[in-house]
Structure formats: C-alpha cells, structure tokens
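Q: Based on the sequences and whatever the hints tell you, model everything.
When you line the sequence shown up against full-length UniProt numbering, it's residues 1 to 91, in that order.
Among these hints, one or two may not hold up.
Mimicking EDC-like on lysine to aspartate or glutamate, the simulated pairs with C-alpha atoms at most 20 Å apart in a straight line are [stated by the list, open to error]:
id, residue 1, residue 2
1, 34, 50
2, 34, 47
3, 34, 58
DEER-style ranges, computed between Cβ atoms [unchecked claim]:
id, residue 1, residue 2, range
4, 6, 27, 34 to 40 Å
5, 47, 14, 28 to 34 Å
6, 16, 49, 30 to 36 Å
7, 80, 7, 47 to 53 Å
8, 77, 15, 35 to 41 Å
9, 70, 32, 20 to 26 Å
10, 31, 5, 40 to 46 Å
Derived from the structure by calculation, the hints contain no laboratory data.
Even glycine gets a Cβ: it sits at the ideal position worked out from N, Cα and C.
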Amino acid sequence: MHISTYTTLYVAYCVILTISFTQVTCERRFSALKRIETRLRSLLGQELLDSLIILNAESDLIKDDENSSFYDRVINNLAESSPLLKKVSIG
Numbered sequence: 001m002h003i004s005t006y007t008t009l010y011v012a013y014c015v016i017l018t019i020s021f022t023q024v025t026c027e028r029r030f031s032a033l034k035r036i037e038t039r040l041r042s043l044l045g046q047e048l049l050d051s052l053i054i055l056n057a058e059s060d061l062i063k064d065d066e067n068s069s070f071y072d073r074v075i076n077n078l079a080e081s082s083p084l085l086k087k088v089s090i091g
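A: Structure representation (structure tokens):
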C-alpha cells in the first residue's frame, strides 16, 4: 500500500527514540571531560586524551560482566603506560 509512508514513519520513530529527553547525561559527560582535561591536559597527547574521554563516556560498557576482563586489561595497559595515570588510578 503505502510502504514509503511507513518507511518514513519508521525512520522518524527511530530518530525520536534516540533523542535524550533530559540533559543530565550530556552534562555528566561534559563534567567528566572537564575533570580529565584540567587534571591531565598538560601531560597527555590529544589521542590519549580522546581515548580517556571515550572510556569515560562508555563506562557502562566497562561495568558489563561479559566485557569486564577485556576492559580491565585495556584500562590496566593504559594506566601502566603513564606514571601520571598510575598515580591518578591509584589515588
């Protein structure tokens, strides 16, 4: 019948479902970014800083039991790569 109409409605529905109705998550991410940048900015390269921000933003994946050993290894390797990160992760 009107397949194109249903397709358009489906796309609109998917877009609406991905919109955050509160700003809490966004504000939390920016607060984490601010903490990471102010504490470590002078000692980190842009690539490592970007990686830390992504790890922080996706922290709910780290808490997942299935992926915990993988992410633990990634975080430990990252922490061992820098004396400053060792100090921050311990303290």
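Q: A range of 20 to 26 Å was offered for this pair. Does it hold for the Cβ distance of residue 70 and residue 32?
A: Cβ of residue 70 to Cβ of residue 32: about 21 Å, so the range 20 to 26 Å holds.
Q: Is 28 to 34 Å right for how far apart the beta carbons of residue 47 and residue 14 are?
A: holds, 32 Å
Q: Taking 47 to 53 Å as the hint, is the beta-carbon distance of residue 80 and residue 7 inside that range?
A: holds, 50 Å
Q: Is the hinted range of 40 to 46 Å satisfied by the C-beta distance from residue 31 to residue 5?
A: Once the Cβ atoms are compared, 42 Å apart, the range 40 to 46 Å for residue 5 and residue 31 holds.
Q: Check whether the Cα positions of residue 34 and residue 47 lie no farther apart than 20 Å.
A: holds, 16 Å
Q: Given the hint of 30 to 36 Å, is the C-beta distance from residue 16 to residue 49 inside that range or not?
A: holds, 33 Å
Q: Is residue 34 close enough to residue 58, meaning Cα to Cα at most 20 Å?
A: holds, 16 Å
Q: Starting from the hint 35 to 41 Å, judge whether the C-beta atoms of residue 77 and residue 15 obey it.
A: holds, 37 Å
Q: Are the Cα atoms of residue 34 and residue 50 separated by 20 Å or less?
A: holds, 12 Å
Q: Does 34 to 40 Å hold as the CB distance between residue 6 and residue 27, or does it fail?
A: Roughly 36 Å apart at Cβ, these two residues keep to the hinted range, so it holds.
When each numbered hint is compared with the structure, no violation occurs for any of them.
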